[in-house]
Amino acid sequence: MAEKIKPPRMRLPRKVEQDGVFKVKVRFDHPSFTGLGMADPDGEQFNRATPSRFIRNMLVYYGDDLVSRFRMSSAIADDPLFTFKLKAVKEAPVRIVFVDNEGDRWESSADVKFKT
Amino acid sequence: MMNIEGNLSRRRFLRYAMVGGVAVPMYASTVLGNDARATIRLPADPDALTDLERLHIPKVTLPPVVEDGAQAPVVVEMDHPMEDDHYIKSVQILNFDDPIVIKGKFYFTPVNGEVYLGTQIRLNGGEGRVWVIAECNQHGRWAASRDVKVAAGGC
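Those protein sequence lines, which keep their order, are chains A and B. Residue numbers for the first sequence, in my numbering: 1 to 116. Residue numbers for the second sequence, in my numbering: 117 to 271.
Worth flagging that the hints you see were computed from the coordinates, not collected in a lab. Virtual Cβ for every residue (Gly too), placed ideally from N, Cα, C. Wrong hints could be hidden among the right ones.
[Stated by the list, open to error] Which stretches of chain A does chain B cover? Using the computed rule of at least three CB atoms under 8 Å from a CB of chain B, they are:
1. 7 to 15
2. 29 to 36
3. 67 to 76
Can you make the complete structure from the sequences, with help from the hints?
Right under this line is the structure:
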């Protein structure tokens, strides 16, 4: 389990075909605690044992437009790697903003450049 | 039958409401037909999908056996077009066997170009079934599932 939170790291192709679809990968080292503990010795029931901590939202901006959003629960893994696709409609930065359930915010960005 | 009267905690109420909200439309779609937009559709014959089903049923990649339930890799892909007037609005990942049913919901727009989502989720130990529900802006919600065995629970 990650002890430290590190800034998200995004990877996308250096140059992409105009109107082509490319893959974006972003990794965020952020811990995820469900906060659940076993309420009975048989392990059939859970209760809220400790406060939860997890990534609540991932917002994807392409230029100034919000193009995708991922709303998560505490059942997301520690240090998740997200992969999704975008269509190269313009040369503009892709900016990804993470917000956790405590309201803290991190972001990362990279430029989309067309092949010449 | 479980009696919940007088013993209904807030968490348990929310859980019943959430499970009922998905399970009832699923049941209704199989029993009452697939006409209503609000229902969740399942393939009539998974081995012989119709053209509409092939477009709308999400393809879910999840190992049948997961060693570490704290890091279960899941990939959702679809061949559905992503045009301005016809696209997949969202993909939701759930497991009704887990204490935390909803794993996440990813909202798409036509700028995504293709529906593709890879992430890692937490699954409780034992046998379970992961559901993926995709919502098309024209044709409603469609579901696919994968059975999974988890050696060490991650919840």
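Results of checking the hints against the structure:
Counting residues of the stretch 7 to 15 of chain A whose C-beta lies closer than 8 Å to any C-beta of chain B gives 0; at least three are required, and the coverage claim is violated. A count of 3 residues in the stretch 29 to 36 of chain A with a Cβ less than 8 Å from any Cβ of chain B is obtained; the coverage claim is therefore met, three being the minimum. Given a C-beta distance limit of less than 8 Å, the hint that chain B covers the stretch 67 to 76 of chain A holds, as 10 residues qualify and 3 suffice.
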